[in-house]
Amino acid sequence: KQEVTQIPAALSVPEGENLVLNCSFTDSAIYNLQWFRQDPGKGLTSLLLIQSSQREQTSGRLNASLDKSSGRSTLYIAASQPGDSATYLCAVSMTTDSWGKLQFGAGTQVVVTP
Amino acid sequence: DTAVSQTPKYLVTQMGNDKSIKCEQNLGHDTMYWYKQDSKKFLKIMFSYNNKELIINETVPNRFSPKSPDKAHLNLHINSLELGDSAVYFCASSQGTGGARGYTFGSGTRLTVV
Chain U
1 KQEVTQIPAA LSVPEGENLV LNCSFTDSAI YNLQWFRQDP GKGLTSLLLI
51 QSSQREQTSG RLNASLDKSS GRSTLYIAAS QPGDSATYLC AVSMTTDSWG
101 KLQFGAGTQV VVTP
Chain X
1 DTAVSQTPKY LVTQMGNDKS IKCEQNLGHD TMYWYKQDSK KFLKIMFSYN
51 NKELIINETV PNRFSPKSPD KAHLNLHINS LELGDSAVYF CASSQGTGGA
101 RGYTFGSGTR LTVV
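Heads up: the protein sequence lines correspond to chains U and X, in order. Residue 61 in this note's numbering sits at position 61 of the first sequence; the count goes up by one each step and never skips. Residue 74 in this note's numbering sits at position 74 of the second sequence; the count goes up by one each step and never skips.
These are computed hints drawn from the structure, not numbers from a lab. The structure presented is a predicted model; accordingly, all values stated were derived computationally and were not measured. Take the hints with a grain of salt, since some may be wrong.
Computed footprint of chain U on chain X; a stretch qualifies when at least three of its residues, placed anywhere within it, have a C-beta under 8 Å from a C-beta of chain U [unchecked claim]:
#: 1; stretch: 35-42
#: 2; stretch: 58-64
The list that follows gives simulated cross-link-like pairs (lysine-lysine, BS3-like), each with its CA atoms no further than 27 Å apart [as the list claims (entries may be wrong)]:
#: 3; chain 1: X; residue 1: Lys41; chain 2: X; residue 2: Lys67
#: 4; chain 1: X; residue 1: Lys67; chain 2: U; residue 2: Lys42
#: 5; chain 1: X; residue 1: Lys9; chain 2: U; residue 2: Lys1
#: 6; chain 1: X; residue 1: Lys41; chain 2: X; residue 2: Lys9
#: 7; chain 1: U; residue 1: Lys42; chain 2: X; residue 2: Lys71
#: 8; chain 1: U; residue 1: Lys1; chain 2: X; residue 2: Lys71
#: 9; chain 1: X; residue 1: Lys52; chain 2: X; residue 2: Lys22
#: 10; chain 1: X; residue 1: Lys44; chain 2: U; residue 2: Lys1
#: 11; chain 1: X; residue 1: Lys19; chain 2: X; residue 2: Lys52
#: 12; chain 1: X; residue 1: Lys19; chain 2: U; residue 2: Lys1
#: 13; chain 1: X; residue 1: Lys71; chain 2: X; residue 2: Lys9
#: 14; chain 1: U; residue 1: Lys42; chain 2: X; residue 2: Lys19
#: 15; chain 1: X; residue 1: Lys9; chain 2: U; residue 2: Lys42
#: 16; chain 1: X; residue 1: Lys22; chain 2: U; residue 2: Lys42
#: 17; chain 1: X; residue 1: Lys9; chain 2: X; residue 2: Lys67
#: 18; chain 1: X; residue 1: Lys22; chain 2: X; residue 2: Lys67
#: 19; chain 1: X; residue 1: Lys22; chain 2: X; residue 2: Lys44
#: 20; chain 1: X; residue 1: Lys41; chain 2: U; residue 2: Lys68
#: 21; chain 1: U; residue 1: Lys68; chain 2: X; residue 2: Lys44
#: 22; chain 1: U; residue 1: Lys68; chain 2: X; residue 2: Lys9
#: 23; chain 1: X; residue 1: Lys41; chain 2: U; residue 2: Lys1
#: 24; chain 1: U; residue 1: Lys42; chain 2: X; residue 2: Lys40
#: 25; chain 1: X; residue 1: Lys41; chain 2: U; residue 2: Lys42
Where a beta carbon is used, it is the ideal one built from N, C-alpha and C, also for glycine.
Make the full structure from the sequences, and use the hints.
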């Protein structure tokens, strides 16, 4: 059974510092991994999608890496801003599940202080 | 233009009532999902429909009945609401069942049963 873990559960950094968020999964037979952002009272915003054959994806200040064999993904956010404050979720879909359901971690709550 | 829209955004109701949540996507996706986020913030899949056909039903009580009148709509009807049904319900969509191009989520419906 796939288990997705995100560490740390919460993180507070001063503005300008780089953020490093970790996601680990127990079953490496993933189809893809997606990072989302959730703002309080709002829905999920997709940040980056990494296919199982890829090692990393980049979008602006965001970079996500994937090491499938070790069951890990890391989301880097460069030069953090107060607007980056949110909960970040990672989710995987499995090759053994053709129906594409996502399995989520519990998230990392990030606070960036001015 | 909202890609995945849910109504209502908030729903407060008494135990024993029946309620519905509506979801519509204008992305042309052929697969839609319902996810539940409980008080511990874990997101778990409930149902998935592909081209109006039910493909995932994740051990959800029979009181929950999804209905997909067409590819763009997936509604969730809940009978005899219980206190434990209080949660945030998210609708999502993807193209294809594997979500190779990722998933798009709605903003959620916060259901409170009193």
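Status of each hint after checking the structure:
1. 35-42: holds (count 4)
2. 58-64: violated (count 1)
3. X:Lys41 to X:Lys67: Holds, at roughly 25 Å.
4. X:Lys67 to U:Lys42: 24 Å, holds
5. X:Lys9 to U:Lys1: 33 Å, violated
6. X:Lys41 to X:Lys9: Distance of about 17 Å is within 27 Å: holds.
7. U:Lys42 to X:Lys71: 24 Å, holds
8. U:Lys1 to X:Lys71: Outside the cut-off at roughly 30 Å; violated.
9. X:Lys52 to X:Lys22: Roughly 15 Å separates the two Cα atoms, so the pair holds.
10. X:Lys44 to U:Lys1: With a Cα-Cα distance of about 14 Å, the restraint between Lys44 of chain X and Lys1 of chain U holds, given a limit of 27 Å.
11. X:Lys19 to X:Lys52: Answer holds: Lys19 of chain X to Lys52 of chain X is near 21 Å, not above 27 Å.
12. X:Lys19 to U:Lys1: Roughly 33 Å separates the two Cα atoms, so the pair is violated.
13. X:Lys71 to X:Lys9: Cα-Cα ~22 Å, so holds.
14. U:Lys42 to X:Lys19: 21 Å, holds
15. X:Lys9 to U:Lys42: Distance of about 10 Å is within 27 Å: holds.
16. X:Lys22 to U:Lys42: 17 Å, holds
17. X:Lys9 to X:Lys67: Holds, at roughly 19 Å.
18. X:Lys22 to X:Lys67: Distance of about 10 Å is within 27 Å: holds.
19. X:Lys22 to X:Lys44: 18 Å, holds
20. X:Lys41 to U:Lys68: Distance ~25 Å between Lys41 of chain X and Lys68 of chain U Cα, so the pair holds.
21. U:Lys68 to X:Lys44: Within the cut-off at roughly 22 Å; holds.
22. U:Lys68 to X:Lys9: Since the Cα atoms of Lys68 of chain U and Lys9 of chain X sit roughly 37 Å apart, the hinted pair is violated (cutoff 27 Å).
23. X:Lys41 to U:Lys1: 20 Å, holds
24. U:Lys42 to X:Lys40: 16 Å, holds
25. X:Lys41 to U:Lys42: Holds. Lys41 of chain X to Lys42 of chain U sits at ~13 Å (cutoff 27 Å).
Violated hints for the displayed structure, listed by number in ascending order: 2, 5, 8, 12, 22.
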